[in-house]
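Here is what each chain is made of, one letter per residue.
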Amino acid sequence: MKTRIIAKLDVKPPHVVKPIHFEGLKKIGSPIELAKTYYKQEADELFYIDIVASLYQREILFDAIESVANQLYIPFSAGGGVRKIEDFSRLIHMGADKVVINTFALQEDPNLIDKAAKIFGSQALVINIEAKKFQNKSICYSDCGRISSELEVVEWAKEVESRGAGEILLQSVDHDGKQQGFDLELANQVVSAINIPVVVGSGAGSLKDIKSLIENVRPSGVAIASLLHYQKISIQDIKEYLAINQVGGY
Amino acid sequence: MIKSKNTQKKYNLPKEVIYCKNCTISNQRPRITFNEFGVCAACQFSEIKKTEIDWTQRANELQDLCDKHRKNDGSYDVIVPSSGGKDSSFVAYQLKYKYNMNPLTVTWSPHLWTEDGFDNFQNHIHVGGFDNILGTPNGEIHRRLTKISFDILGDPFQPFIYGQTNYPMQIALKHNIPLIMYGENGEVEYGGNMKNAYKPNRDYKTDHKKHYFSGLAPEDLVEYGIKSNDLATYMSPDIEELEKLGLDIHFFGYYKHWVPQDLYYHAIENTGFSPRFARNEGTYSKYASFDDKLDGFHYYLAFIKFGLGRATSDTAHEIRDGHIDRDEGIALIKRFDGEFPSLHFDTFLKYCDITEDYYYDVIDSWRSPHLWEKKYGKWELKYPIWK
Amino acid sequence: MSNLIGIVNYGLAGNIHSIKKAIEKVKGNVIIIDSPEDFSRVDKLVIPGVGSFKGAMQELNDDKFINAIINFDNPVLGICLGMQIMAKFGFEYGKTKGLGLIDAEVKLIVCEDKIPHVGFNNINVLKENKLLKGLEDDEFYFMHSYEIINHDNVVSTSTYSNYEFVSSVQKDNFFGVQFHPEKSREAGLNLFKNFIEL
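Protein chains in written order, with this note's numbering: chain A, 1 to 250; chain B, 1 to 387; chain C, 1 to 198.
It is worth saying that the hints were derived from the structure and are not from the lab.
From the three backbone atoms N, C-alpha and C, an ideal C-beta is built for every residue, glycine too.
Keep in mind that the hints are not guaranteed to be accurate.
To be verified - So the derived label-pair ranges between C-beta atoms look like this:
| id | chain 1 | residue 1 | chain 2 | residue 2 | range |
| --- | --- | --- | --- | --- | --- |
| 1 | C | Ser2 | A | Phe62 | 26 to 36 Å |
| 2 | B | Glu61 | A | Ser192 | 17 to 27 Å |
| 3 | C | Asn124 | A | Lys118 | 27 to 37 Å |
| 4 | B | Glu61 | A | Asp109 | 55 to 65 Å |
Claimed, not checked - Lysine-lysine pairs mimicking BS3-like chemistry, simulated, CA-CA at most 25 Å apart:
| id | chain 1 | residue 1 | chain 2 | residue 2 |
| --- | --- | --- | --- | --- |
| 5 | B | Lys98 | A | Lys26 |
| 6 | C | Lys21 | A | Lys40 |
| 7 | A | Lys26 | B | Lys50 |
| 8 | B | Lys98 | B | Lys68 |
| 9 | B | Lys68 | A | Lys27 |
With the sequences and hints as input, model every part of the structure.
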């Protein structure tokens, strides 16, 4: 299986933004335009996360998500601020293949995972983990990497798997936006602890970083934001590079 | 029971609470003014910054200032009072690498350093690449002054503010460096006295006691049993000496359009800065002001005195800078403003050698009935912005 | 000539919008079908698929779709779960009876790698088929943990982790694809074009 190359949009509607360490709201561009661009670049998938919906305790802005979904004929995962079954069904009905959830499941009621898995199937359920190193442990954070929880990352990854999650998006608060490489150690710990697919994000700064991640960790997918948003390379560049180096199934 | 401090009278606060139509600040912030459209001075100034100021012209003025002071012989030609935070590292970086100055960063030690704060302080020296002088006052005196300022002002932060204001001037004199460059002029940027809005510098002879020291200057502390010799570290140098030096205190915010979030990105990329391990208590943000374990108590007191907590200050400038809108700001204030800074509470009580009861008695003496009421045994703001 | 395609809407579990969008992109005419009575209006059917086998059969039963589908004479395209329910039985959350249109069972994939099988993969077309015409070398997007086990109606297989499974079937007017053509870029859009032209 080829490793999926995934474009990640961190959105504060109506803009795609690019925080560093999950802080800051630097504007990158229009979600629709960026979605179109990355689709044309042959992204295997697009992630759209409304990064402030939980922090601001605001309802999901469904129209904004639908307008992005309409641009795509590739898998589309959407989330941010998901709190109830109705949120799942609305997002799926408007074209999301998978629904991404973190804060509510982590901090309020993980049972929502079980319920959603039963109704929509595990494959429709992505748990977003915002991992932060604190006192030598990797802890799960919420609300756009600002509020810590009691749970360690590997522990939570195992728990959500047993509750029926179909996939994990593993992000690192310490590495995100820095473009200095992924947290390979953490990624390995998570990938080896569970059986469901893991998409690893946070830290892609070069083609080498992506190659290194795939070689060392063999994740199901790689989520990329800054490197694409700042137009340093395209997705085709990545796939070509991986093919030349015979990495990731390319 | 501690006698009420009569906050309203002391700060001359209006009886009715009115919020700015544009941002989230209220008329309870001392010295703030509103125009006939209900827009506060800080927002008005923010508009002016965006539309009327010729920043190219301002940059030229900075170039001229630097050309005038640059020594080019290895000795320092400008002092940048610095915590290692995003603001001061930006100023030092720009002066050194863009304007070819030789800055000396001068740090007045926090009362109690946080781990994240100390790392950033170290990184700005080692990654940003600056010479630094760290001034740490006599710890025993500093503790006593902290307690006294808490007793009198409800704010333990006063000794820090003395040093932040006066220590750079002492170093300026000792090293013969007339130019001091601060970050932004807080009064001007955040809605205080706007008289210096179009001036690049501040008057070190007159502004301090009222604007920066809340009416309690270091020399006043002899009344509380501190020897005047022990207060020397906190004092402004002799005015005549400063005049002879030709002291000139400038604000970088006059020369460059000041957007705190932009400085955050700059600091990450250039001076080894990292945000706090989680959001600051009392707000949602994690990129500003977290080097001192006592920070939280300073902001908390402002919340008690004026009903304006940390989330209020953060949202106000983020609205002006266009990162969030007013409704989002209100939602964040509702969620976080006035949150008690419990993480370092025990540390603080031990440091000042006070009990929890005493702490709350002091705090409560600053609650004005025009802002606060008790409901079901709990203090509540009468007119929070989200009501 | 009218060539109206109806997408069966069976409650919570269908990702109808994406399919509708894709068919319209290749100039198809689409309506959403909420009740079995609407079947008489359309010339072709699409049965979408995101959810569980058990949940899907429950919904179809509640909405009284089952007989209408079984008795539909014109081309029907089942996508992912929509294909799987054409089987006799499904084994997600216990044993559930399917539509019984093809002699097959749906079971959890057991292989060396992680499931679900997610991502773009090739198809190995075993016999000529109008639906997959011209698409033999293309990649399609898969997302599933369960596979259909069938011998007589296999049109294509795919391989994941050294494990070969059925990726499309056909029996009479019933077509099924394990992958998601609405998520498979141009290749998927071309599949819908083929379906329109059937």
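Hints numbered earlier in the text: which of these fail when held up against the supplied structure?
2 and 9
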